[in-house]
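Colleague: Using the sequences and the hints, build the whole thing.
Chain by chain, the residues run as shown.
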Amino acid sequence: MTVDPILARTLLHQMIRIRRFEEKSAELYSAGKIRGFLHLYIGEEAIATGVMQSLTSEDAVFATYREHGHALARGLSAGAIMAEMYGKVEGCSHGRGGSMHLFDAAAKFYGGNAIVGGGLPLMVGYALAQKMRHLSGLSACFFGEGAIAEGEFHESMNLAALWNLPALFLCENNLYAMGTALERSEADTNLVEKAASYRVSGMSVDGMDVIAVLEAVQKAVEFIRSGRGPYFLEFRTYRFRAHSMFDPELYRSKSEVESWKQRCPIAAFSTRAISEGWITAETVTAIESEVASEIAHAVEFAEAGSLEPVETLTRDVYTESVQKE
Amino acid sequence: MRMALREALQRDPRVFLMGEDVGRYGGTYAVSRGLLDEFGEDRIRDTPLSESVFVGAGIGAAMNGMLPIVEVMTCNFSLLALDQILNNAATLRHMSGGQFSIPLVIRMATGAGRQLAAQHSHSFEGWYAHIPGIKVLTPATIEDARGMLWTALMDPDPVIMFENALLYNLEGNLAADAGPVGIDRAIVRRSGDDLTLVTYGGSLHKTIQAAERLAEQSISAEVIDLRTLRPLDMETVLKSLAKTHRMVIIDEGWKSGSLSAEIMARVMEQAFYDLDAPIERVCSVEVPIPYARHLEQAAIPQVETILAAALRTVKSHV
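Note that the protein sequences, when read in sequence, are chains L and Z.
As numbered in the working numbering, the first sequence has no gaps in its residue numbers, which increase by one up to the final residue, 325.
As numbered in the working numbering, the second sequence has no gaps in its residue numbers, which increase by one up to the final residue, 1318.
By construction, these hints were calculated from the structure, which means they are not laboratory data.
One or more hints might be untrue.
Said to hold, decoys possible - Taking lysine to any residue pairs in the SDA-like style, the calculated list, with each CA pair at most 20 Å apart, reads:
id	chain 1	residue 1	chain 2	residue 2
1	L	Lys131	Z	Asp1012
2	L	Lys33	L	Asp247
3	Z	Lys1243	Z	Gly1192
4	Z	Lys1243	Z	Asp1274
5	L	Lys131	Z	Arg1014
6	L	Lys131	Z	Pro1048
7	L	Lys131	Z	Arg1043
8	L	Lys219	L	Val192
9	L	Lys261	L	Val192
10	Z	Lys1239	Z	Gln1217
11	L	Lys131	Z	Leu1009
12	L	Lys131	Z	Gly1065
13	Z	Lys1239	Z	Asp1274
14	L	Lys131	Z	Asp1046
15	L	Lys194	Z	Pro1048
16	L	Lys131	Z	Glu1041
17	L	Lys131	Z	Pro1013
Unchecked claim - Facing chain Z, according to a computed beta carbon distance under 10 Å, are these residues of chain L, among others:
id	residue
18	His94
19	Gly97
20	Gly111
21	Glu155
22	Phe240
23	Phe246
For glycine and all other residues, C-beta sits at the position ideal for the given N, C-alpha and C.
Modeller: Here it is as structure tokens:
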């Protein structure tokens, strides 16, 4: 694939933006500004970045509870996401969802799901409607390798293949479902082979290489748009931080974490982009500065936001304005 | 039901039916017989035995401009899809801050009485009525079976319709122009002054029969068909109670934590002083529904047990 300076800068900017946003979120969580659960995407930025670069506004995206990076890459503003985590009414889900339930209907970003595998049937149904309505968009769903153990994964793969749906299955294999390593939960850890058993074409990709991600997704998207059915991508990746802010990481060694950190997608791409002449060191500095400013504004926006009055607690349970019991 | 489905499919191209054996088999209760030939495979979709994905897919399709009718063969199998129903269908609108609606209709057969034993005889209407974010319908008459479906399809929110299997063979005449009916009101099926009998679904006809037996004893019973369990029309129930001051609730769910318990609680909260006697209820006995006919019949509400409860309440505290 041809990478030009503009694309290189875009990709790098997006990854750095996600990284700094996540770092700031961790800081704010420790300061008590963000509550509940916080699942950081640090280390996995190349995947959301590469995927969203290849999707269009006609496509729909379903994600997991570790979805800040996906939301940012899909076009939700840092302010809307931060305000959401602050529980403010200016948040993308009006403070009703929090970190795990980021939604933006205009961006066709359908959350944010806290049930592992829970978004897969939704994505399949959305794809079914796209096909029935003769629309050109596809539906994509991110899920972790842990979701492969859930029945919903198997049911969803089977139905998507059986009905030849424009469904893109995006498995982020970061090796651990919370604290359980893949080989301790799957008798067969060859994920692409599992997809093949449903007659779903698939590929395994180095998820730490944003160009490899981009290339793989473009191939998958082309396949789906040509009407040949669903596609499965496994991204081999690693989360540099714990599962969530509560996790003492007893299940993996520090040396393992360190060795994956050597493969940081941002450092790797930055180095490559400079050596290829797509960008310079000054570009990186400029990006960092822009990102720092964007995030500072996002935090200000969240801090200045308002809390929804308790009087409207029962709003949006039903589409009518008045809740009926 | 078949008529209602046909009309819906004819009226709106966004409507489609999806579920196990709805197509080639003609529907497990023959409800969808002939529809596949008439509307084709795109709109009458036989699914694999995968409740979670086909209910979830119904939600996803409803999010994307379609009006799916998902048929879960019976409420007994709906447990496999409970996560999709509760954590997605009932919850997505709220979690997103109101960004979209999910106009999904799920139809399920329900009820006991045909010796199908414990795993095929549940009545979960009351259980589902516990969940904010969905609507729960329990049609018990031909007019309601036909009329509620269209209203449910036009509702922007997820609606679950429980069809008691014993009612599928009900026969009657329907006006040619019988249209959609409301889904948020109970209806007084039989007027009376001495006591209020509140029920829904499969128990309605037994309750009416009990009311007729009471009339032979000069006791005038008012029968209320709830029709919808969520939202619950307490206004109609309380208006009746204000007149009769005595109540029996007939609910095919198991007694503990049932819909009848909810109604009793609301009567306590809102109309305690209208009661001249404690409320009686006739529910299923707390046992998994047994196979042997006499045991099954003893486990579920019957005309005799409704009658007995009614007589007890009429005779108490006189």
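Colleague: So, for every hint listed, does it hold in this structure?
Modeller: Cross-check of the supplied hints:
Restraint check for Lys131(L) and Asp1012(Z): satisfied, since their Cα atoms lie roughly 17 Å apart, inside the 20 Å limit. A threshold of 20 Å between alpha carbons decides the hint, and for Lys33(L) with Asp247(L) the separation of about 19 Å falls inside it, so the pair holds. Distance hint between Lys1243(Z) and Gly1192(Z) is fulfilled; the C-alpha atoms sit about 9 Å from each other, no more than 20 Å. Straight-line distance between C-alpha atoms of Lys1243(Z) and Asp1274(Z) comes to about 9 Å, which keeps the hinted pair within the 20 Å bound.
About 12 Å separates the Cα atoms of Lys131(L) and Arg1014(Z), which keeps this hinted pair within 20 Å; it holds. With a C-alpha separation of about 19 Å, the suggested pair Lys131(L) and Pro1048(Z) falls inside the 20 Å cut-off, and the hint holds. A C-alpha spacing of about 12 Å is found between Lys131(L) and Arg1043(Z), which places the hinted pair at or below 20 Å, so the restraint holds. At most 20 Å may separate the alpha-carbon atoms for a hinted pair to count; Lys219(L) and Val192(L) meet this at roughly 15 Å.
At most 20 Å may separate the alpha-carbon atoms for a hinted pair to count; Lys261(L) and Val192(L) exceed this at roughly 25 Å. A C-alpha spacing of about 24 Å is found between Lys1239(Z) and Gln1217(Z), which places the hinted pair above 20 Å, so the restraint is violated. At most 20 Å may separate the alpha-carbon atoms for a hinted pair to count; Lys131(L) and Leu1009(Z) meet this at roughly 18 Å. Proximity of Lys131(L) to Gly1065(Z) is assessed by CA-CA distance (about 11 Å); at most 20 Å being required, the pair is judged to hold.
Our distance criterion of 20 Å between C-alpha atoms is met by Lys1239(Z) and Asp1274(Z), whose separation comes to about 10 Å. Simply put, Lys131(L) and Asp1046(Z) have alpha-carbon atoms about 17 Å apart, close enough for the 20 Å limit, and the pair holds. With a C-alpha separation of about 19 Å, the suggested pair Lys194(L) and Pro1048(Z) falls inside the 20 Å cut-off, and the hint holds. Distance hint between Lys131(L) and Glu1041(Z) is fulfilled; the C-alpha atoms sit about 13 Å from each other, no more than 20 Å.
Pair hint Lys131(L) plus Pro1013(Z) holds up; C-alpha atoms about 14 Å apart against a cutoff of 20 Å. A least Cβ separation of about 3 Å between His94(L) and chain Z falls short of the 10 Å threshold, and the interface hint therefore holds. At a threshold of 10 Å, the smallest CB-CB gap from Gly97(L) to chain Z is about 5 Å, leaving the interface hint in force. Checking Gly111(L) against chain Z by beta carbon gives a least distance of about 7 Å; that is within 10 Å, so the hint holds.
Against a cut-off of 10 Å between C-beta atoms, the interface hint on Glu155(L) holds, since the closest Cβ of chain Z lies about 4 Å away. Using the Cβ-Cβ criterion of 10 Å, the hint placing Phe240(L) at the interface with chain Z is not satisfied: the shortest such distance is roughly 28 Å. With a least beta-carbon distance of about 22 Å to chain Z, the hint placing Phe246(L) at the interface is violated under the 10 Å criterion.
Of the numbered hints given earlier, the model fails hints 9, 10, 22, 23; all others are met.
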